[in-house]
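Please take these sequences and the hints and turn them into a complete structure.
Heads up: the protein sequence lines correspond to chains A and B, in order. If you count the first sequence from 1, position 378 lands on 429 in my numbering, and the numbers rise without skipping. If you count the second sequence from 1, position 90 lands on 102 in my numbering, and the numbers rise without skipping.
Watch out, some of these pointers could steer you wrong.
Said to hold, decoys possible - Computed cross-link-like contacts, DSBU-like style, restricted to lysine-lysine with a CA-CA straight-line distance of at most 30 Å:
| hint | chain 1 | residue 1 | chain 2 | residue 2 |
| --- | --- | --- | --- | --- |
| 1 | A | K394 | A | K356 |
| 2 | B | K267 | A | K130 |
| 3 | A | K79 | B | K245 |
| 4 | B | K245 | A | K105 |
Keep in mind that the hints were calculated from the coordinates and are not lab data. A quick note: this is a predicted structure, and the numbers were derived from the prediction, not measured.
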Amino acid sequence: MKYEPVIGLEVHIQLLTESKIFCSCSTKFGAEQNTHVCPVCLGLPGVLPVLNEKVVEYAAKLALATNSRINKRSIFARKNYFYPDLPKGYQISQFEEPFCEFGRVSIKVEGEESREIGLTRIHLEEDAGKSVHAESFVSKDETLVDVNRCGTPLLEIVSEPDFRTPKEAAAYLTRLRQIVRYLEICDGNMEEGSMRCDANISVRPYGQKELGVKTELKNMNSISSVEKALEFEINRQIAVLNEGGTISQQTLLWDADRNVAEPMRSKEYSDDYRYFPEPDLVPVEVNENWINRIAQSMPELPLAKKRRFVQEFDLPEYDAQVLSEDRAIAEYFETTAQKVADKKAASNMVMGEVLRVIKEQQLRVEDLKITPEHLSEIINMIAEGTISRNIAKKVFNRVAETGTAPRVVVEQEGLLQISDASALEETLDQVLQDNPNEVQAFLTGKEKVIGFLMGQVMRATSGKANPKSVNELLRKKLADLKS
Amino acid sequence: MDLVELDFFTAREKLTKREISCKELYEKYLQRIDKGAHLNAFISVFAEKGRKRADEIDRKLASGKAGKLAGMVLGVKDLIAVRNELTTCGSKILSNFVSPYDATVIRKLLAEDVIIIGKMNMDEFAMGSSNENSFFGAVKNPVDVERVPGGSSGGSAAAVAGNLCMAALGSDTGGSIRQPASFCGVVGLKPTYGRISRFGLVAYASSLDQIGPVTKSVADTALLLEVMSGGDKLDSTSSHAAVQNFTAALGQDVKGLKIGLPKEYFSEGLDKQVADAVSHSADILKSAGAEIVQVSLPHTEYAIATYYILATAEASSNLARYDGARYGYRAADVVDLDDMYVRSRTEGFGAEVQRRIMLGTYVLSAGYYDAYYRKAQKVRTLIKQDFERAFRKVDCLLTPTAPTTAFKIGEKVDDPLTMYLSDIYTVSVNLAGLPGISVPFALDSAGLPIGVQLIGKAFDEETIIRVADFLERNADTNS
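If you want it as structure tokens, here you go:
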């Protein structure tokens, strides 16, 4: 019996607003415990939430980027449950009338066709605090609560059960991460918790319409964990069914150390959240004009950018893919490309040298000392013949180190390419003189040895000689010798 | 007249003329509070702090730079946050809770130089109609100490009536300002929902709660309302509607006003003497040129049920934060999380609060939400529409405030449902979000105060203040 997995994902993203969703406390990560708090997010007696409008703007951006239908009116609702890191005893979320619905996200798994994943809804809610159980400063029978995170704005993105493989899930998370980073509304960091994912999985015989019993998977802290956990659970479910068993509806926690998913310690009862409309907040109402203004302030999205790079800069799809993956890189490339004639050269240098430096030094694009202006200068100098490709690498590294302008570096370090015959004359003669065997070899027909001789010239000139000129001049001299 | 009997306008005149000082006024109130300790109207009294403040206000008055309320000695119901003071809500679970911030109304009042004399006793978390549900003990009605002052703002009404303070703040969710005002013979107003900011008002039922003044005169209420009203960016449900000059509505006649008497408010259960008092007030208004019109509010019979579904639902959620984890009462020697929750809340909350939390949880629970909560919201809309229809024919409504006068302590406390029925004439006003005022009009044969209620259109406190002020000048108690 062949089984088809059916997977749905719930992703929570933490928004990069300055302030929390319902009060003006800072959302900055990493502050000392319980310092980014106020009576409102502490849920003290008598306080009231007030909506941070920036959060609605960010939600609108994501709605537009996913082609969701924005509801002109949406309402907040209370999700009631007891937990020490939930100060009010309820989370303000959205239930019956969410911010937007029916969006789509395009994904592409390597080796497969692109496909679209449907979104059921995206809604606004507040984050809870952190419970700290096991730390050096916590005693054994104690739990401490840090309220800093309470009230951080979240968007919950619920997908349709459209995934059929773990790889699709991973591709979706990668794409979502890319979109939210492009929009600058979230940094999409699963390891740090600014993007979180829960999954619902079931399997059914191929061809069957009805869904199987689904289980819930939690505690996956990276995209690869999600993929592994899904793989594990699909296999587990199939194994159970093949043995004639049935799937019980339960919540499983992924253990990344042991690579297994285990059932949560079962509760005797399931939570009844008793959702009802939040009486302390008025409905969120947006109109066409406001949506249009947001639309106009949207950046170009990854797929559109990729297509444009292919068309406008005549780049191969592979280049456009790599360059458009990250918005900051894409903008770096484009700024560079606009200042040079050879767009492919710009692409090569960004993909090759720039990404290398970023990776090696764990830098952010904005921290690079070598700017797009610098890079375009280097490319233009190569095109002009001012420096050789070889030397260009050296210049690149020096600029990346120091931030000094390329032409200044070239001048300071005397790296101008030597193309002139008279300048090279002495060196060429010396090389020929020092390597009589190779000269002889060339003259007897072993043309390949010119490579060695060229190498010697390059060494003698510290790489500054123009390879084309050297080649031409060497051949001429050798030809003269022949005669 | 004893200094403590003065209403604000009179006191302010004397202060301005330097006939009296805030210092002596405040001292007299402190002495009176001592003498009236048996009323149990206060949970906290600000002796030293208040004296210092009185001195400060005297200096301001002398320099001519005093605020509109300089000379007002005010009690504050103990569920309104006053910075660095206890805000207990009449409950064990918050008996040690000191608020780190001021409610918006407190900020506004202090800016106009009010002197806060203490925090007033109340039914726990504003749940009650007799002030017998307080962790700090029952409050007694100064008119007859064997009787209840009404609730939940019992301490506020008793203190004003007993001259333990000049005026007080109460809160009203289903009648908690108006009913005790009626029982104690003082003025009590619940403004339109959204008129006064709820920031700093410990929530009972968020869509029904409002803060309001309890005073000796309608004039004092008008002034307090002016100072406290206005949109607040810290309260999304507050209204930015213009705040009228409510004191301009004083001293007016009632010629040409159309005043409605809702027939459903004059049926079974209404004490005859109360009914007569309201009738008489209608006659007086008529003789003064107002037109009395019969109206109908057909969904009145569903009001109590609707209120006790919606209010308790919101309360069950609003009171979830009191769990012993972060502040307030935590049971001793808890063994785990569930134990902390169960014991802190069982030991920390009184019986009536537990009753309403359970009721509210039930009506929101899976399988019952549609039948109760959703249905009640629909009925609420119908009740609102009843008023809208009536207000197309009249400018305001005249009704009894409560079906009886003050009952005896202990009389209804064991029968919650009977207790709930005391709210019959007040709850609809909260459900519809309208303003309502109770003004003392007569005394029954036992000498107990009878108040009459005026209900106005949304944001038309002007009209009900106008009529209430007229009735105050022409009250049966005057003769």
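Here is how each hint holds up against the structure:
1. A:K394 with A:K356: holds (15 Å)
2. B:K267 with A:K130: Between K267 of chain B and K130 of chain A the Cα gap is close to 52 Å, so the pair fails against 30 Å, i.e. violated.
3. A:K79 with B:K245: Given that 30 Å is the threshold and the Cα spacing comes to 24 Å, the pair holds.
4. B:K245 with A:K105: Status holds; Cα separation ~16 Å.
Against the hints set out earlier in the document, a violation occurs for number 2 only.
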